[in-house]
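Visitor: Spelled out, the chains give:
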Amino acid sequence: MSRIGVFVCHCGENIARTVDCEAVAEALREHPGVAVAEDYKYMCSDPGQALVKKAIEDNNLTGVVIAACSPHMHEKTFRRACDQAGLNQFMCEMANVREHCSWIHDDRGQATDKAIDITRTIVEKVKHNRPLESIHIPVTKRALVIGGGIAGIQAALDIADGGHEVVLIEKEASIGGHMSQLSETFPTLDCSQCILTPRMVEAYQHPNIKLHTWSEVEKVDGYIGNFEVTIRKKARSVNEDLCNGCGDCQAACPAKRIPSEFEAGLGKRTAIYVPFPQAVPNIPVLDRVNCTLFKGRRKGLAKDVCGKCKEACLKAAIDFDTEDTFVTEAVGAIVVATGFKLYDIGRDQPEGLKGYGEYGYGEVPDVIDGLQFERLASASGPTEGAILRPSDGKEPKTVVFVHCVGSRDPEKGISYCSKICCMYNAKHAMLYKHKVHDGRAIAFYMDIRAGGKGYDEFSRRAIEEDGAEYVRGRVSRIFRDGDVVKVWGYDTLSGEQVVIDADMVVLATAMRPQDGIRELAQKLSVSTDEHGFINEAHPKLRPVETNTAGVFVAGACQAPRDIPEAVAMASATGAKVLGLFSADELEREPAVAVVDENTCIGCMRCELVCPYGAIEQREICTVDGHVCGHVAYVNPGVCQGCGTCQAVCLSKSVELQTFTDEQIFSEINALCYWE
Amino acid sequence: MSDAIDTSGAAADGFEPRITAFVCNWCTYTGADLAGTSRLHMASNVRIIRLPCTGRIDPLFIIKAFERGADGVIVSGCHPADCHYTSGNYHARRRFAVFHDIMEFIGVDPRRMTFSWVSASEGSKWRDVVNEAVTNVRALGPFEAYRALAPKDVGVAAPAGPGAVAAPASAGIKAEAS
Amino acid sequence: MNELHELARTLLTDGTVRVIIGWEDARRGARPAFITDPADTDKLIFDTRCVHNLVTYLNPRRDNVAELGKIGLVVKGCDAKAVAGLLREAQLNRDDIVLIGVRCGGVLEESELAEAVALSAENVAPRCFGCDNREPKLVDHLLGEAQPEPPRPIMTIDERVEALEARPLEERWAFWTEQFSKCVRCYACRQVCPLCVCERCVAEKTRPQWIDSSAHPRGNMSWNITRALHLAGRCVDCGECERFCPVGIPLSLVNRKLQQIVSERYGYTVSDDPENAAPIGDYRLDDKQEFIK
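Chains as they are written, first to last, in the working numbering: chain A, 1 to 675; chain Y, 1001 to 1178; chain B, 2001 to 2293.
Hints are computed from structural coordinates only; laboratory data are not their basis. Heads up, some of the hints might be wrong.
As the list claims (entries may be wrong) - Keeping only pairs whose Cα atoms sit at most 20 Å apart, straight-line, the calculated EDC-like set for lysine to aspartate or glutamate is:
#1 K1125/Y to D2212/B
#2 K2293/B to E1144/Y
#3 K1152/Y to E2290/B
#4 K2205/B to E662/A
#5 K2293/B to D1128/Y
#6 K2137/B to D596/A
#7 K2288/B to D1082/Y
#8 K2205/B to E240/A
#9 K1152/Y to D2273/B
#10 K315/A to E411/A
#11 K2137/B to D1082/Y
As the list claims (entries may be wrong) - Listed next, the stretches of chain A that the computed footprint assigns to chain Y, with coverage defined by at least 3 CB atoms under 8 Å from CB atoms of chain Y:
#12 485-493
#13 578-590
#14 623-631
#15 639-646
No experiment lies behind these values; they were computed from the predicted model shown. Ideal placement from N, C-alpha and C gives every residue a C-beta, glycine not left out.
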C-alpha cells in the first residue's frame, strides 16, 4: 500500500495566481494511495523542505510528489531533502504545474484542473517507483594518451604530475608531432624546438609516463574507469632496450635518398633512421618499405642483400625478423590527441574534396605548402635556415603566400576556417623578410582572422614593419613559366586582375584530421563530424569530453587549433582525468537499463540501437553449468539511460529503471481518465 | 499565433479534446519549460508525459493512450542531430514512420497523431504544435471510433460539456491503490 | 524428386544431420515430415502443395524438435528468408543446420489436395506473384530445375492493398475493426510465424499488461497492430499467419503494407542474406520525415 505525500507549492504567486493550490491539495488528499497533501508558499525554501521532511517522518511516507516547478529546476533539491528524511531519493518526483501549467494558462478553473491531472499522473507514477541505489564503478587510475604531439605531451605531463600513471602512444618513431617541425612560433617568434624539446624529454623521463612510439591503438574494450586497450607496437627492427642511439646504423645505411617525412619531403633520410636529431626516444626505426634488405626479401631473393646497419651496430640491437607485437594496457581514461595533417592538395583527393589542380602543387617544384616553408626557415632544416627554393636552390626574390587553400571553400569540400593560416602566413612573410631583405612577400587573403592575444598586432606588424604586401583576393591559377612561377590573381579592393612573376609560392593549405581518425573513433565509440574531426560532448560546456564517458579530446583532432589552444585543451583533459581519478569509485545515477534474463531471447536488437555500445551478448548456463543460450547484458557503467533498447525490445525484456513500462503505463492510465 | 486561446472554434457541443504528449526530457520537455518561462499562453488540453528520449517511446504508448480515451497524441523530441543520446531520435523516427503509415492504413486519421521536433530553445514552436494539435483534434471530434472498441461492460463515461478537459480526474480514474 | 531423396539419404546416412524436415504426402494432402530413418527419405516430396514454412520448427524454443538432433531443412525462397531472419537475430548458428534449397515456381493457396495441381490464376497463393527469391541463395544444396514465374492471381495483394487504400479512412477503419473483431486470440498467427520466437510474447506480459488478453475489439486491435509492428522489416511474406488464421483475417494485406512502407521509406527488401541489416534498428541521417513537424 502506497503512502504518498503530495506537496503543492504556490511559488509565491507564480503558481497560486492561476492555480488554486489549496484545491489541488484538497483533490489529491482524496486520491487513492495519498496519505497527506499539503500546500505551501515556497516549497523549495528551508521551511518548505522541512515540511516535506517532517511529513515523511510523521506519516512514514513511501513516496513524495512535489507539485511545483520543472524537475529540471528543483528535482535534485527535493530528492536530497527526501534522502535526508530517510526516504530513498528515487521515490520522489516532481509534477510540473508551473512551467507547464500556471505560466501558460489564464483560466483559473482550467489551470487548476490541469494541475490536478498533472499531479495525479505523477502520483500514479510514483506508486511504481522503486528505491534505487547509485551505481559504483571501480576506477583504474591510469590514463592512455593517444598522440605524442604537443597536446598529447601536455596531457600526459599534467596527469603524470598529478600522480597517476600515463601510457602515451605515438604512431611515429618520435614524439613531438607537428610542433617539432616548426621553425618559429607566432606571435612571439620563439623557436619551436627550443620550447618543445624540454617537454619531450620531460615526458620521456617522467617516472609516471610509459611511452610507446611506433605504436597504434589496435582495440579498445571496456568503459569509463575500466578500459582495456590493445596497442600494436609496429615492428621496429631495433631493440629499444639495447640501442644507445649512437647513429652508426644510419651512417652505414646505403639507402640515403628517401624523402624525409620530417623535412616535408625537402630533405633526405636513410632507411634506418631517427626522424630528426632531437627525436625522443633517440632510437631508430627501420623503414621496411625502402630498406634494401627487405626489398630483396620481397623479391624472394634467397639471401639477404644488405645488412650493413646490423654489421655496424656494436650493441647488436638490430633484428630483421621482429614482428608487430601487441601489449594490453588497463586504463581508466583515454585522451585522444591525434592532431592534424595538411590538406594534401597535390595528391588523390578523398571523397568529396575537389583539390586544387590549378595551383600546380606537386607539379611545380617551387609551389610548396606551409610546413615545407617551416622546414626551409628552420635552422635545423635542409637549408639550415636559408630561404632557398627547391627547384634550383636560388634565393627567391618574390614569394607569394596564398591564404585559405582548401579552407572556407565549400565548393571544394571544406567549409571550415583552418584558423592558424592567417597567423602563420604573417609569420612566414615576416621570417622571409627578415632573411631576404630585398625580397617581396605578397599575400593573397580572403579576410585576416587574427583573434587571439597579440595576434592582430602580430599580423599588422608583418604589413606595417616588415613590409609584406597583402592583396585581398583569390588566386585563380599558378603555373610555371620558364624560370618564374606565374600567379594569376584578383585584387578585389582595386577590382583589378593581378599577375605576379614569383620565384616561389607558399600555399596555406587547410588543416584536416589525421588519417585513420574515423577508424580510431569507431574503436573508441566516439563520433566524428562530417570532416572527420572528433565531436565534443557539448560545443560550449563540455568541449574536451566526448559522448563516450571517460574518453576526452585535446588539440587539432577536434577542430583546427593553434598551439596555445591545443595546450589549454590538453590541460583541461588533464583536469578532467584527474577529477575522475580523485575517487576510487565512480558514482552514477541508477537510471540504467536492466535485462530480464528469464524472457530475453538474445535477438540483440537492443545492441543494434544502443548509442553507447553498452549492450553485449552474454552466455547463460543451466544449473549444472553448461551453456544453454545467450541473452543481452547492459553494462551499467556505460548505459546512459536513453531507453531506446526498451522500445525496440519485442518481448519487453529490458527495462529502464526510473522510466519503466509500469510507470509510464500508470501515467497514461491516469491521464486519460476514462474507463 | 496570438497568446489568446481561441475557443470559438470549439464544436457546438463544447467538445474539448484530450491530448497526451510523449516528449523527451532534453529538448521538447525543456522547450515546453521555456514556453512557460516565456509565458507563452496555449491551449490547456495537452498533458505531458516525460521520457528520457524519443528513442524510449514505444508505439504501444500511443495505442494505450487511445485505448484510455485520448482524442489525440503528440510525440516530440530533439531535432535530428541534436539527440542528447546521439541517435535515439533517429531510431525513433523509423519506428514512428512505420507506425504512422500502418495506423493510417488501418484507418486512424493521422491528424490525431502529431509528430514534431521541438528543441529546448523552441518554446514558441511548442506552443504552435500544441495549439495546432488541439485545433485539428477539436475539428475531428472525440475519438469515439477507438473508444467504441472497449468491452461493453466497461463504463462509457465519455466526458461531455464545456471544460470536459478540466473534468476532475475522479470522473473516471480507476486509480490503483497499491 | 530423386535428387531430394538421394541427398536426404546421404545426409542421414553419413550422419551430417539427424533429421530432415521436409514435406510428405498424406491422406489430406502435403504435410510437414520429420525423417530420421534413411529408409524413409523416399517419402519426401516437393510440389505446389508444399506451402508450409518449415522454418517455424527451427525456433530454438521448440525443444521437441531440437531433441531430434542436427536438422536438415528443405526451404523455398520465402523460407530461406526466414532462416536469414533467425540468423540475423542470433537465434540460430548457421553451422547447426543444413539447408536444402528447392527452386520454387509458386505454391497453391491450399495444401490439402490429394495431388499436386498446376498453378493458375485461380489457385495460386497470391503472395507468390512477383516473388524475388524463386531460387533461394542461403542454401547448402540447391535442387530442382529453374521455375517459371508464378501466374498472376485474379487480384494481386498489391492491388488489394491499393483498393483498400483508395477507400476513405472511415471505411478502412470499419473494415479493419470488423476483421479484427473476429479475432479469437488463438495466436495461431504467432505460433506459426517463423520469426515470432519470443520466450514470452509481449501479449502475455503482465506488470504492466500492455495488451488486453481477452478477445474483444480493443485488445484485438492492439494485438494486431503490435503483431504488425513487430514484423516490420522482418516479415518474409510466407503467408502462414493468414493461412492458419481460423477466422480468416486478411493479414497478408497488413504484411504487404509493411513491406511497402520499409521499401518506400528505406529502400529495404527482406532477403535471404543474413548480413543485410534490418531497417528497424538501423537509420540514415536523411530518412524521410515528412510526417514530422
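Visitor: Please go over all the hints and tell whether each is borne out by the structure.
Guide: Going down the list of hints, with the structure as the test:
At roughly 36 Å between alpha-carbon atoms, K1125/Y and D2212/B are farther apart than 20 Å, so this suggested pair is violated. Proposed proximity of K2293/B and E1144/Y is contradicted: the alpha carbons are some 26 Å apart, above 20 Å. Among the hinted pairs, K1152/Y with E2290/B is inconsistent with the structure: their alpha-carbon atoms are about 38 Å apart, more than 20 Å. Taking the CA atoms of K2205/B and E662/A, the gap is near 11 Å; set against the 20 Å cutoff, the hint holds.
Restraint check for K2293/B and D1128/Y: satisfied, since their Cα atoms lie roughly 10 Å apart, inside the 20 Å limit. Only pairs whose Cα atoms come within 20 Å are accepted, and K2137/B paired with D596/A is rejected, the gap being roughly 36 Å. Straight-line distance between C-alpha atoms of K2288/B and D1082/Y comes to about 17 Å, which keeps the hinted pair within the 20 Å bound. In summary, the hint linking K2205/B to E240/A is not supported, as the alpha carbons are separated by about 63 Å, beyond the 20 Å threshold.
For the suggested pair K1152/Y and D2273/B, the alpha carbons sit about 48 Å apart, so the restraint of at most 20 Å is broken. In summary, the hint linking K315/A to E411/A is not supported, as the alpha carbons are separated by about 56 Å, beyond the 20 Å threshold. A hinted pair counts as satisfied when its Cα atoms are at most 20 Å apart, and K2137/B with D1082/Y does not qualify at roughly 41 Å. Chain Y is given as covering the segment 485-493 of chain A, and this is violated because 0 residues of the stretch bring a CB closer than 8 Å to a CB of that chain, at least three being needed.
Proximity of the segment 578-590 of chain A to chain Y, defined as three or more residues with a beta carbon under 8 Å from a beta carbon of that chain, is not established by the 0 residues found. With 0 residues having a beta carbon nearer than 8 Å to a beta carbon of chain Y, the segment 623-631 of chain A misses the requirement of three or more and the stated coverage is violated. For the segment 639-646 of chain A, the assignment as covered by chain Y holds, since 6 residues bring a beta-carbon within under 8 Å of that chain's beta-carbons and 3 suffice.
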